[in-house]
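2 protein chains.
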Amino acid sequence: MKPRTPEITSASRPLTYEVEALNENGEAVATPIAGEHPLTLYIDKREVVTLMTLGQAPEALVIGYLRNQRLVRGIEDIAAVQVDWETDSVAVTTRKGVKGLAKKMQKRTVTTGCGQGTVFGDLMEEIESIRLREDVTLEEETLYALLDAVRRHETIYKAAGAVHGCALATNEPAASRIITFIEDVGRHNAVDTIAGQMWLEDIDGSDKIFYTTGRLTSEMVIKAAQMRIPFLVSRSGLTKMGHDIASRIGITMIGRAVNKRYLLYTGKQRFVKAALRTMVA
Amino acid sequence: MKPRTPEITSASRPLTYEVEALNENGEAVATPIAGEHPLTLYIDKREVVTLMTLGQAPEALVIGYLRNQRLVRGIEDIAAVQVDWETDSVAVTTRKGVKGLAKKMQKRTVTTGCGQGTVFGDLMEEIESIRLREDVTLEEETLYALLDAVRRHETIYKAAGAVHGCALATNEPAASRIITFIEDVGRHNAVDTIAGQMWLEDIDGSDKIFYTTGRLTSEMVIKAAQMRIPFLVSRSGLTKMGHDIASRIGITMIGRAVNKRYLLYTGKQRFVKAALRTMVA
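So the protein lines, in turn, are chains A and B. Here the working numbering is used: the first residue of the first sequence is 10, the next is one more, and so on. Here the working numbering is used: the first residue of the second sequence is 10, the next is one more, and so on.
Hints are supplied without guarantee of correctness; some may be wrong.
Any copy will do: because identical chains look the same in the list, a pair fits if it lies in one copy or spans two.
[Said to hold, decoys possible] Straight-line C-alpha distance at most 27 angstroms; calculated DSS-like pairs for lysine-lysine:
{"#": "1", "residue 1": "269", "residue 2": "113"}
{"#": "2", "residue 1": "269", "residue 2": "282"}
{"#": "3", "residue 1": "54", "residue 2": "105"}
{"#": "4", "residue 1": "108", "residue 2": "277"}
{"#": "5", "residue 1": "54", "residue 2": "112"}
{"#": "6", "residue 1": "167", "residue 2": "269"}
{"#": "7", "residue 1": "54", "residue 2": "113"}
{"#": "8", "residue 1": "167", "residue 2": "105"}
{"#": "9", "residue 1": "282", "residue 2": "105"}
Read the hints as simulated data drawn from the structure, not as lab findings.
Starting from the given sequences, assemble the full structure and let the hints guide the process.
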């Protein structure tokens, strides 16, 4: 049964704005820039944090933030999410309150890249308990299909730059469909928004592919694992701690993935190369 | 007189590591990846935050963090900065303690990109009082010299990717010299490290150029202004709030700057095009 979903607004912001700049020829050119808005989160009328966001899907962002910060256990704990851009605020109403909210928000880690201040020690404990599915595979042809879909996708990045993108995609034989593609000025906002959408639409991540334009840092790997997604693909490179954690969790992690090129770092047992498939056939 | 400087360790970490990956030809290749280490900051034995860092100049990072978070007023307030990688921690000893430390750390904003949780409201108040020098100019030829110097600079990014770089550079007629170039897995760590070095070496920023590979978000503009630097140059684009704040402060902000191309967004009064110089001469 689909869990009870919260009452939510649907208050996305204009994603790009135009400003005038002088180029190297001394010409005034209109240039599109990405939006960036403060959004202060109140949980049951208590101020928690201010997120800086593009504002593409602020309700899903906030739900994903609550999810990834472990402030709620399930979407059924959230009664309402109301975004009000006149006051740059979002009011979350929970059904039963958040236990130990003050304490949870007190000790935060400034994580690499776009740290949302998750409690690092707690996260590390949690990932020790995560088991990703081992009965799923990713074919090289599916990876190529995903990269092609991403390349064709119309993005804010192409228009205005200054944003990171994340996608959740299906994993089919030699095919991949983008379920959702979210961009944000903060990379972890994009991940959180996808986590929120997965809850809102009751999507199971355990056979899906998570794609990011950003680097594979520790927090990115942890967030993918928290969503139970076994396949993590990035256009960019990775950091040592991202690699360490990916090895420990056994996530299938692929970096520097553009067109027909990639590097498979960890979780190699789930990856099926086209050549091998042909040999088996 | 140069202010009293703290006792500091000099504990940088190896910046890259090698891991094995499988490439698209099925070959195992050794690939360099950027380091990423947790570094837990204790101020006068009180745990404050955990930073995730490449570890290039951890002492300067911590000093710059204290500076940019407004936890100390000047470098003379810091007695010692001792990094210990065996425990992934750094102990800061202040001369007179930090007033209201708990309160200062309580309310943080998750800023775009690599938020270090600065209190947003306080920052906005502060920037209203910042006045950047108006008696300095940046020549187009100097900008081109800077971009050339950056291009020639050996970087972790070229070797391993997954890091952002920032540089502080001189502003001379048709010339620019990189004073310091810092890379980190967290972009704001790189900025903070430069802020720390400026304090350690008593460098005045008021005529310098700040270069970043990263996007020109609100926090990047604010941090440059806090260091009193009037020229902010980026290879990347900008966000709306970055533009709004840059306009208000009147900082000379240039984006998409690569080779002989750039876009001059704000603070145009300080920019001198080569063509205009020739006309004057």
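Status of each hint after checking the structure:
no. : hint       : in the structure
1   : 269 to 113 : neither (44 angstroms within a copy, 49 angstroms between copies)
2   : 269 to 282 : within (12 angstroms within a copy, 43 angstroms between copies)
3   : 54 to 105  : within (13 angstroms within a copy, 37 angstroms between copies)
4   : 108 to 277 : neither (40 angstroms within a copy, 52 angstroms between copies)
5   : 54 to 112  : both (16 angstroms within a copy, 20 angstroms between copies)
6   : 167 to 269 : both (21 angstroms within a copy, 21 angstroms between copies)
7   : 54 to 113  : both (16 angstroms within a copy, 21 angstroms between copies)
8   : 167 to 105 : neither (43 angstroms within a copy, 51 angstroms between copies)
9   : 282 to 105 : neither (49 angstroms within a copy, 62 angstroms between copies)
In this structure, the earlier hints numbered 1, 4, 8, 9 are contradicted, and the remaining ones agree with it.
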